[in-house]
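Asker: Listed below, chain by chain, are the residues.
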Amino acid sequence: NAGVTQTPKFQVLKTGQSMTLQCAQDMNHEYMSWYRQDPGMGLRLIHYSVGAGITDQGEVPNGYNVSRSTTEDFPLRLLSAAPSQTSVYFCASSYSGLTYEQYFGPGTRLTVT
Amino acid sequence: KQEVTQIPAALSVPEGENLVLNCSFTDSAIYNLQWFRQDPGKGLTSLLLIQSSQREQTSGRLNASLDKSSGRSTLYIAASQPGDSATYLCAVQGWEETSGSRLTFGEGTQLTVNP
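Chains as they are written, first to last, in the working numbering: chain A, 1 to 113; chain B, 1 to 115.
Chain A with its partners taken away, still in its complex shape:
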């Protein structure tokens, strides 16, 4: 199993550009989520999904959209990039959201200039 994969590993955007961060898992996990990691603020939940077709907002959802058309994929879209979205983004998955171990991807390091 590849586990949780994320692409790209690095990305530089200009303010106002849009892009999609890809996340996929091959463990047949129902629960998937996106976090961002910033110095001094730890990891914070952006959006999550409890299954295909179901998504919901986390702690810091503004400026981001998600969709979950399949169990395997959970892309994160930046609609109009801002410098405040410079961060490292991690995708995670687990069998379910409440009691099971969470597995994280390798991360995408995003810089917005």
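Hint data in this document are derived by calculation from the structure and do not stem from the laboratory. Remember, predicted model here, so these are calculated numbers, not experimental data. The beta carbon of each residue, even a glycine, is placed where N, CA and C say it ideally should be. Hints may be right or wrong, so weigh each one.
[Unchecked claim] BS3-like cross-link-like pairs, simulated, lysine-lysine; straight-line CA separation at most 27 Å:
no. : chain 1 : residue 1 : chain 2 : residue 2
1   : B       : 68        : B       : 1
2   : B       : 42        : A       : 14
3   : A       : 9         : B       : 42
[As the list claims (entries may be wrong)] Here are a few chain B residues that sit away from chain A, every Cβ distance over 10 Å (derived from the structure):
no. : residue
4   : 28
5   : 46
6   : 58
7   : 69
8   : 86
9   : 107
[To be verified] One-sided excerpt, in silico: chain B residues whose CB lies under 10 Å from chain A:
no. : residue
10  : 42
11  : 43
12  : 89
13  : 91
14  : 93
15  : 105
16  : 108
Following the hints, position chain B against chain A.
Answerer: Positioned in the frame of chain A, the structure of chain B alone reads:
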């Protein structure tokens, strides 16, 4: 709102020493607690998961304990090695009305084991 604190923020020890990393959380209504390791520029690797009904979990040289009522967990690393150098993150799984099921993370303890 759940808050997780890890002490110390940084720790430097000689190889072979046994050490303890501390984690505290403010809301005891958790489903589980998970310890992660993060190497510089890398993702998070799960080390141990303790369910809310459990007191401890062990994996190799690692032992994690959980005292839910007092809001504390410790990660014990025996016979530390230079390869253990990394940032160790504690996270509690809970439910919040505004953001549903989520992991709340501490800011981590940066461990350096010197040869």
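Asker: Checking against the hints above, which ones are violated?
Answerer: Hint check: 5 and 9 fail, others pass.
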